[in-house]
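Fit chain D to the known structure of chain W by using the hints.
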Amino acid sequence: MQREEERKMIVCVSVVGHQNNPLYIQSFTDADDALKLHHVVHCSLDVIEERVNNPKTTLNEAFLGLLYPTLNYKVYGYLTNTKVKFILVTTDLDVRDTDVRNFFRKFHAAYVDAVSNPFHVPGKKITSRTFAQTVSNIVGSYGLN
Amino acid sequence: MVEPVNSSLGKMLLEEVSPVVMVLCTPLVEETFLKNGLSFVETLKPFCNFSNIDVPVRTSGDQLYRLKKFTLRLFNAADIRQPNVEVAKQRLEHVITQAGEKVFHDLESDPPQITDILSNSESEIAPTWFQYYNKELIRTLSFSDHEAFDHPVACLLVVSSKDEDPLNKFVDLFNTNRLPSLLNDGVMDPKILKHFLLVHDNQDATTERLTSKVLSEMRSTFGNNECNLLCTNSSKEGNVEHQANPWASFKSSVPAEKLGCALTGDDIGEIKELMQEFASRHIIPYMEQKVRDLNQQISATRKGLRNQIKNLWWRKGKDDIPDSTKGSIYTFSSTESQIRILGDYAFMLHDYELALSSYRLISTDYKLDKAWKHYAGVQEMMGLAYFISDQSIKEAEYCMENASSTYMKLGKSGFQNATRCGLWWAEMLKARDQYKEAASVYFRICGEEPLHAAVMLEQASYCFVLTKPAMLHKYGFHLVLSGDHYKICDQVNHAIRTYRSAISVYESTTWSHIKDHVYFHIGQWYAIVGMNDVAVRNMLRVLDCGNQSKSTQEIFLRDFFDIVKKTGMKHEVVGLRLPIISMSSLQVIYEDHRTYASQASALVEESIWQSLEDDIIPSLNSGKSNWLELQSKLLPKKYKESNVCVVGESVKLDMEFRNPLLISTSVTSVSLICELTENSDDLKLEKETSSLSLGTEHNQVTTSGFSSFTLSEVDFTLGGGEKKLVRLTVTPSEEGILKIVGVRWELSGSIVGVHYFQSVPTKAKTNKAKRKNKLTPTDALKFLVIKSLPRLEGSVDHLPDKLYAGDLRYLVLELKNNSESPIKNLKMKISHPRFVNPESHEEELTPGFPDCLKKGPEQNTVQRETSRTSVFAFPKDVSLQGDRSLRWPLWLRAAIPGTISLYFTIYYEMENVSSIMKYRTLRMHYSLQVLPSLETSFEITPSPSRLQEFLVRMDIVNRANSDSFEIHQLSTVGCRWGISLLQPVDTILPSKSILPGQGLSCFFMIKDCRKPGTEEEKTTSILPSQTDIKLITQDDDEKLFDIVNSPLASFHESERSCHGTSDQLSPNTVDFILISRLAKSSNPSAEQDLPKILSHHSCHNRIRSSIPLSWSLDGPKTMYHDFSTSFCEIKLKMVIRNTSDGFLSVSINTIDGLPDAAAPTPSSGNLSGWRYVPAITEEMKLTSDVMGSRLGKPPPSMESSPPFIWSGSSSTKVQIQPLSRTEIPLQISVFSPGVYNLCSYTLTWELSEHENALSSTSSGICQGYPCYLTVLQSE
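Chains as they are written, first to last, in our numbering: chain W, 980 to 1124; chain D, -3 to 1271.
Extracted from the complex, chain W is given alone in its bound form:
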C-alpha cells in the first residue's frame, strides 16, 4: 500500500542559480527532511559541475540525466542556457526517462514565466506564488501519463 503511494513521487525540486545559489527549493514530503533534501540537492551540484566541465563530452542538450543515485533517491538534473540548474529528487526508483524530460520541459517553462516578471530580481530567490503553484501542479501531474 505504502509502496503504491511512494511509487511515483517527486520529493524535491529546486532551482539553483549559476553561482550555485539556491533560487528556489521546495520539498514535497510530509516528513521533516528538508535539511536532508537540501543536502542532496547541494551535493548534486558537484555532479553537474563535473558533467558540465568535462572536456571529453560536450553537452548537446539541457537534460543532464541521472546525477546521483543514493540509497533512497534518484537525482536528475537539467541545465538551462543561462546556467541555471534544475534539480529533481525522486523516490521513484525505476524512472522513465520521458517522464523526467517532460517534467523538466514544463518546469523550465514555468521558470521562464516566473523570471519574466518585471518585479523579479535576477539572481534573487523566486518568491512568486504563482510559480510555486505551477510547480506543485507539475509535480502533482508527474508520471500520471
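Hints are supplied without guarantee of correctness; some may be wrong.
What the hints assert, rightly or not - Capping the alpha-carbon separation at 20 Å, the derived lysine-lysine pairs in PhoX-like fashion look like this: (1) K812/D <-> K914/D; (2) K131/D <-> K7/D; (3) K363/D <-> K306/D; (4) K778/D <-> K648/D; (5) K1035/W <-> K464/D; (6) K1053/W <-> K778/D; (7) K65/D <-> K268/D; (8) K85/D <-> K1035/W; (9) K464/D <-> K85/D.
No lab work stands behind these hints, which were simulated from the structure alone.
Chain D alone, transformed into the frame defined by chain W:
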C-alpha cells in the same frame, strides 16, 4: 603517481602481509625486559623492519632475486588467536577518543578556509590518526581462518639464564598444551621453524658462568644454528637516555625517556644483529624452501590437464555438501590450504607472479566449493598482488570489487572483512589518484555502526577534496554526515572538528537552511565541551534565521540564550543581525544655526526652508570680500566638513530596526555609541586622540556616569517581522568633536549587539576632491560641538488644524529664550502671507475677538500702509532673555481650501557668543486643513438707466459638507464704490442661513462715487462711508465690521496681489468682501473651535457688458412751453462712456421720421447695457422675467406720441479715449405738447486697439433706448 610499492598501500602491505613469528618465553625473560618498561616482544619490535636486508631468494623459477625490504611480525603465543570482537571494538573506540582529546585544543581556533584546504596535500588535510585507526581496524581481523599470511612462519623460544633447567624449559615451552588453539585445531601448521634464544641479564652478574654452560648444552641439544644468546641490560644504573628512542612510536603510554633505560647502545646493536640474522639466515631460507616444496607438490597434484580434469570432476561430486561448515572444511593439510599458503608465502617473499598464479588456481576451487569467504579472501589478495606488481589496474579493481561484494554477501560476518578489503581498495584507488572512486568505496564500508561510519565518512570527505577538481559540496555533505555520526557516539570533539571543516564550505554560500543547521549544531556542541564563548560565536550566525519555521526559530533562540547564560557574562557582538538595522533609514537630526520648533518641522525638506530664509539670512556672497575669505573666516578650515552642534542641545538619530524573525523580540537599552574628543587646535594631535579613543571608547560609554555627553536609552519590542523607527539622542555637555560611531543594544539582558555605522575608514586622501561636493556618511555623523548658545523656542497658540475657507482667527505667537544671553534683531518670514499676517505691534486685544474688528464710534479711515514686504521685522527694541516670553499677535485667515503647510522661520542674532555661529533661525511648521465654505462670484453690469450705477449680481454657493452659514455683511473696498440694496434683506435671504449645497443669487446696486477729474458733475448723495451693507435682519444693534482697518484690509491686500496680475492698473474694477459666520445652531458640539467670522474676498470684478460703450441721454424730464408763441427747442446732452480698453469712435445718427420705425422692438433684446445672464435658481428666473417684461414693454402712451424733429447736426462723430467719456450736445424741436420718446437715434461704434488705427477690431450699431420727455403747455 607513485610506485605501488612506495605508496601508502605498498607500505601497509609490507607491514601487514609479512611473516609472523610466534614468541614463547618464560616469565623470567619478561621480568628481565620489564626493567626497561617493555615486554620482550615490544623490545624486539622496532628491529623487525629491515629496509635493506639484501637476501637472495629463489622461489619457483630459476631466477634469483634479491629481497630488499622485509618485515617480521612478532606475536606472543597468547596473542595468536582471533581477537575478541568486543575488545577490538573498545580498542578502536579508545583510539578515536584519544585522537579526539588531542584535537580538543585546536577547536578554539577559527575554522580553516576553503582555499587553504584546497591548497593542502592529503597528509595535511586528513588527521594523522586515520592511518593508525585503519591499521587497528585491519588488525582486528588478524589470524582469520581463511587466510594464511597470519600463520606463524617460525617460533622463537626464549628462556632466561636464570631459569632453572633451561633446557627443559625450552621443551616445556613448545608443549602442545600451551600452544595457541589455532595450531592445535589444525587451521595452522604446527610444524614450523623453531629458534632457541637464551637471554642473559648483565645486571645479574652471578649467572654469567652458568649462561655459557647452558648455551653450549642448548647447542648440543637443538643444533648449533638454532640457538642464540642475547645479553641485555648492560647498563648497571639503568638511566641510559636514547636520542631518537626507537620504542617511542610503538608505545606512547609510558614516557619515552623511561623506555629502554637499561639498554646500552651495545645491547641495542646486539638485538638488531640478532633479528637481522634470524630473518635472513633462518626465516627467509625456510620460507624459500617451503615455497619450493609446496610448488613442487602442487605442480604434481594440480597442474597439468589431467590433474585439472580430475579436480573438476572431484569437485562436482562435492556439490551436495552444504557450505554451512564454512572454512573449517579446509585444514592446513588440505590441498586448497596448501595452495593458499604457497600464494601467501610467495606474496610475502615478493614473488607476486607465483602468488597470483596460486591464487588464481585456488579461487576457482573455492568458487566451486561455494566457500565464499575463502574465495573473497583470495580475490582480495589477487587484487593486492595485481596492484603491487603494477599490473593491470582493471584486474586489480575487478578483484577488489569482487572480493568486497562477496564479503558483503556473507552478511554481518563478512562485513569486517569487507571493511578491510575496502580500506585496501580505497588506498589502492588513492594511489592511482582516483579519489572520487575511493570516496565511494569508503561510503560503501560505512556499515551500521555509527562510530565506524563516522570515520569512514570523514575519510570519504577528504577524498572529495582531493578529487580534481575538488567536489566541495560533497565534501561538506560527508563531513556533516560524519559529524552527525560522531555525535551519536558522543565523540563531540570529532563532531565539532568535522562540522568546523564543513563550515568552510557553507560559509560563503546562500544555502541558509544547511548553514543554520551547521552553525546551530556546532554551537550546541561547543557548549557541551564547555567552550561557551566559541559556542556563542557560532550561534550568532543562526540568529538571522528568518527563513526557518517559527518553531525552529524558537529553538534556536532558546538554546542560544541558554548558552549565553551559561557563559555568565555579557557578550558584545559586533554586527549582530538581530534586529537588523537598515542603514538607508538612518537620519540625523541636529540643530546648528537652524533650530526647529517641533519634530515635524525638522522633517521638512531643507530646500523649502532655504528658499524661505533666502532673504533674511545674511548672505555669505554679499559684501566686498569674496566667498573664499568669508567662509574661512566663519569656520576654521578643519571644521568645514563637519556639522556643528551646540552644547546641551541633543543630536537625534532616527533609524529603523527590523526583526527578521517570526517571533517577537524585545530589545533593550538601545543607545548610541559616541566619542567626544577635545577640540584641539592642532589637527594632527586631534586625529591621534580620536584614533586612540576608538579603542577605549567603549569603556567610556559603559561607564558613562561622568561622560562628557549623555545618551538616551530606548527599550522596545519588535513583533515578528516588524519594523520600527527608533529615535536615539546624544547630548554633548562639553565642547569638542563629537562622533557618532555606532549603536548598541541588549538582547534579553545578556547579549550586547553593536553596530558600527562605518567600520571601514574612508579613504580620506584619495577622494578629497569629491568631498567638497558631498559629505561622506561618516562626516555626517561627526559634529563640531560649540559652546552653549541661546536657543529660541516658539509656538503658535491655538492654531486649529481644521478650518473653513475664509475663517479668520486671532492667534498668538509665543517666543521664549531660556538662556541668559539676549537675542536681538528678530525677523520673521511666513511661507503664506495670504494666510498669516502678523500684527504690527505687541498688544493684547482689548475688546476681544471678533468684536475688535467692528467699527468703533470714531472712524479711522486712514488708509493703512499697504506696501509690505514678505519679511516681518520685529521692532528693534524687542530682545528676549531669561524667562520672559514674547507674545506676538498673528492673524490667520484660511484663504483657499486644501491642505496647507505653513512655514514660519524666525531669524535672530546672538550677541558676542560664538565666532562660528552668529545667528540662528527657528523653524516652525504647521499644517492646516482648510475646508471649502462659501463661494462667491460677482457679476457687474452697467445699469441701463444711469451711467454711474451698476447692477451687481452676487452668486453664493455653500460648498461645505455639513455646516450652514449666515451672511453678515457685504462691503466694497475703497471709497469709490457705494453699495446699496435693491431688495429688502428679508426677500434676499428668507431662510437667514445658507444650507450646505445651497446656492443663492442676489442683486445690489453699486455706484461710482468718484469725482470725475475733468467734469463737474455733482457727487451723488451716497457717502463714502456707505460702502457696507448689513445683510442680517436680526440683531440690529450689531455693528458692521470694519474692513478698512487691519487685519481684514491687509488680508484683502494680499488677496488682491494674489489675484491681481496684469490689470492692476485698471481702475474700473470692484473688490468685494463678504463677511459671513457659521449659523449658530448648525454645530453645537464643537463649540470650542467654531469659526467666529469668515471673510470672503472677491477682487478685480470687472464691469461687464457686450458693447464697449454706455451712454445716457440727459435732459429735462418735464418741460413747460407756450406753444402758441413758437415751437419748443429742447437742449439735450448725450454722455457716452467708453467702457473698454480700446479706442472708440462713435457716430450718432438722429432719425426723423415715423415713430414706428424708430420704436424699439422688445424682442430684439438690444436693451441698452443690461444683459441678462442665465440664472441659477428659480427665484432668479422669476425676478429676471419681471424685470424683462417691465423693461421690454413700453408704456401704452408711447404709441400715440406725436413726432418731433432733431435739430442741430444729424450726424456727429467723436473719438473717445479708453475708459473715459465724452458729452455731445443734442437738440430737438417739439411742436406740440405731449410725451415724446426720444429713441429715434442710432449709435455706430468702432473699436480699435490703437488711436488712429486704420483697422478696427469690432464695430456695431446701437439703437437708442426709450427716454421719455413730457412737454406741457405752459400757462
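Outcome of the hint check:
| no. | hint | verdict |
| --- | --- | --- |
| 1 | K812/D <-> K914/D | 18 Å, holds |
| 2 | K131/D <-> K7/D | 12 Å, holds |
| 3 | K363/D <-> K306/D | 17 Å, holds |
| 4 | K778/D <-> K648/D | 13 Å, holds |
| 5 | K1035/W <-> K464/D | 15 Å, holds |
| 6 | K1053/W <-> K778/D | 60 Å, violated |
| 7 | K65/D <-> K268/D | 15 Å, holds |
| 8 | K85/D <-> K1035/W | 46 Å, violated |
| 9 | K464/D <-> K85/D | 35 Å, violated |
Taken one by one, the earlier hints fail for this structure at numbers 6, 8, 9, listed in ascending order.
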